[in-house]
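Peer 1: Read off the chains here:
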Amino acid sequence: MAYSDKVLDHYNNPRNVGSLDKKDPDVGTGLVGAPECGDVMKLQIKVNPDTGIIEDAKFKTFGCGSAIASSSLATEMLKGRTVDEALQIKNTEIVNELSLPPVKIHCSVLAEDAIKAAISDYKAKAGVDAGAAQTA
Amino acid sequence: MEHEHNCWQCGSADAGSLFCRYCNSLQAPTPDYYHFFGLPRTLSLDATLLQDRFYSMSRLLHPDRYTRRSDQEKRYSLEASSILNDAYRILRDPIRRAEYVLKEAGYEIGEQRSKDVPPELLEEVFELNMALDELRLGDTDVLPQLDEMRHKFLAMLSEIDGQLEQLFRRHDTVPTDEDRSRVLEQIRSLLHRRRYIQNLVAEVDRQLTSRNA
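As they're listed, the protein sequences go chains A and B.
At position 113 of the first sequence (counting the first as 1) the number is 113 in the working numbering, and the numbers step up by one without a gap.
At position 117 of the second sequence (counting the first as 1) the number is 117 in the working numbering, and the numbers step up by one without a gap.
Just so you know, these hints were derived from the structure itself, not from any lab.
Be careful, since some hints might not be right.
Claimed, not checked - Taking CB as the label site, the calculated pair distances span:
id, chain 1, residue 1, chain 2, residue 2, range
1, B, Gln-51, A, Val-17, 53 to 63 Å
2, A, Ile-105, B, Ser-210, 28 to 38 Å
3, B, Arg-41, A, Asp-5, 51 to 61 Å
Claimed, not checked - Chain A is faced by these chain B residues, among others (derived, beta-carbon under 7 Å):
id, residue
4, Ser-81
5, Tyr-88
6, Ile-90
7, Leu-122
8, Val-125
9, Phe-126
The C-beta atom is built at its ideal place from N, Cα and C for all residues, glycine as well.
Only chain B is shown next, with the shape it has when bound in the complex:
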């Protein structure tokens, strides 16, 4: 949360984020989304609270309010408004929020590992690919099977979402950094599995629509 700096305008130390607590001039915005919103770094977030802050901060930071202010403040209001929009877009979505926290904590998101995919899932993926192959060859008998698999994958996704919710709460309450890293590692692995399954569903949908087209 600490974002100590001297106010660019009045020079006061400990100016506070967003606005200087002494001269009330707009400060250089912090690029950290949580700091920006003045929120603790929790993975569970109250959506209403976030939305309220977003609206009130949008009003406070809107460039229209700074047309008669110094160039510095004009620039800060533009920067801050852009960070505000990015921050809101990321933080209001639980998945993007978790990805953001992981990235900021130094985890690689793009790099997926084989072990993120449990063997049972691989079986399903293999079966799915076999069915899709048959469909491409014109065998429509596999359509009910594909539909069933699609539902199974969607069920897996909602199961993962439930697990993520629990892990988010654990992340927010564990006592030590070590525990938190362990939870983050689990979250990372679940997010990868989630994306993998999502891609599978998208692939099924793509094949089904291209067939109908």
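Same shape as in the complex, but just chain A:
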């Protein structure tokens, strides 16, 4: 199966690879995994506590090209959004943007889970009621 050009682009030039200080109270960390393929995805956001806007996002993913591309795209989508806007991101947006085939949809689900987990962690740290933001 061939990867789409967009997947290849993100795979070859992943955006925002790296990590943020986990102990920073403004940083939320989401770590999720898909046991069936062994993928692990770590996604972190840094939120401006005054505005609620995500100012930085980093990821590190061990997995297939689609998983790396999904998380790379996710970090791009996160930057500049408020935490609540970020919660609205659906895996289908990632699927569409990357033209993921059906067998790779779980990679986008994993990325959505990672976003929710990171936000949930941030909210827990910030003492906000996590509410609908549940870790997967």
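Assemble chain B onto chain A, guided by the hints.
Peer 2: For chain B alone, kept in the frame of chain A given last:
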């Protein structure tokens, strides 16, 4: 356990499994491994008992014994011998046995869910992948760390095996089907975690040997 049918040879009802209790002719073998061995569907199994049955049934069902019998019995003895070998291979291994019972009870084994992997384990997996990455880049400083992780994963595996043993006993003794389903669900989740960890260990071993090769 019920496996009621009429004997193909003498036509008696309630012929019994394996051999007809009236005319002693070999019957069509049941494909259910527990029924086949005449054992209750328990997850804890006495290995010696199973082995004894396997040997005695191997003798009784061996195709050599049926060379002068009817074609029907010849065919049944071949079928039964093949089921016997499969059944023994599966039932004597606790993990495969549990997978078999789950599958027969309608559980999907292949489909794993994220929640089968606890967060602490994910941390370990992430660290492991980081270390393996560094090793691939030629950093041998991570070798002791990898070795330590490998041991940790092996310890997790034996812990899981202990938990499985307890769950097996509970499965065999719970009073209701509902309770049993709950236990089976827990077993399913543990089996997935077990396989996941096993794959991790295999991956570490693969990387370490390919480095030495």
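Peer 1: Double-check B:Leu-122 for me: the hint is only fine if its C-beta lies closer than 7 Å to a C-beta in chain A.
Peer 2: With a closest approach of 5 Å, the B:Leu-122 hint holds.
Peer 1: Identify whether the interface hint at B:Phe-126 stands, where standing means a beta carbon of chain A within less than 7 Å of its own.
Peer 2: With Cβ-Cβ at 5 Å, under 7 Å, it holds.
Peer 1: Within 51 to 61 Å: is that where the Cβ-Cβ distance between B:Arg-41 and A:Asp-5 falls?
Peer 2: Holds - the Cβ-Cβ distance for B:Arg-41 and A:Asp-5, about 54 Å, lies within 51 to 61 Å.
Peer 1: Is the hinted range of 28 to 38 Å satisfied by the C-beta distance from A:Ile-105 to B:Ser-210?
Peer 2: Cβ of A:Ile-105 to Cβ of B:Ser-210: about 32 Å, so the range 28 to 38 Å holds.
Peer 1: Does B:Ser-81 pass the interface check with chain A, least Cβ-Cβ distance below 7 Å?
Peer 2: Constraint on B:Ser-81 not satisfied, violated at 36 Å.
Peer 1: Quick check on B:Tyr-88 please, does its C-beta sit within 7 Å of some C-beta on chain A?
Peer 2: violated, 30 Å
Peer 1: Given B:Val-125 as an interface hint, is the shortest Cβ-Cβ distance to chain A below 7 Å?
Peer 2: holds, 5 Å
Peer 1: Does B:Ile-90 pass the interface hint, meaning its C-beta sits closer than 7 Å to a C-beta of chain A?
Peer 2: violated, 23 Å
Peer 1: Determine whether the Cβ-Cβ distance between B:Gln-51 and A:Val-17 falls within the hinted range of 53 to 63 Å.
Peer 2: holds, 55 Å
This entry does not satisfy hints 4, 5, 6, going by the numbered hints stated previously.
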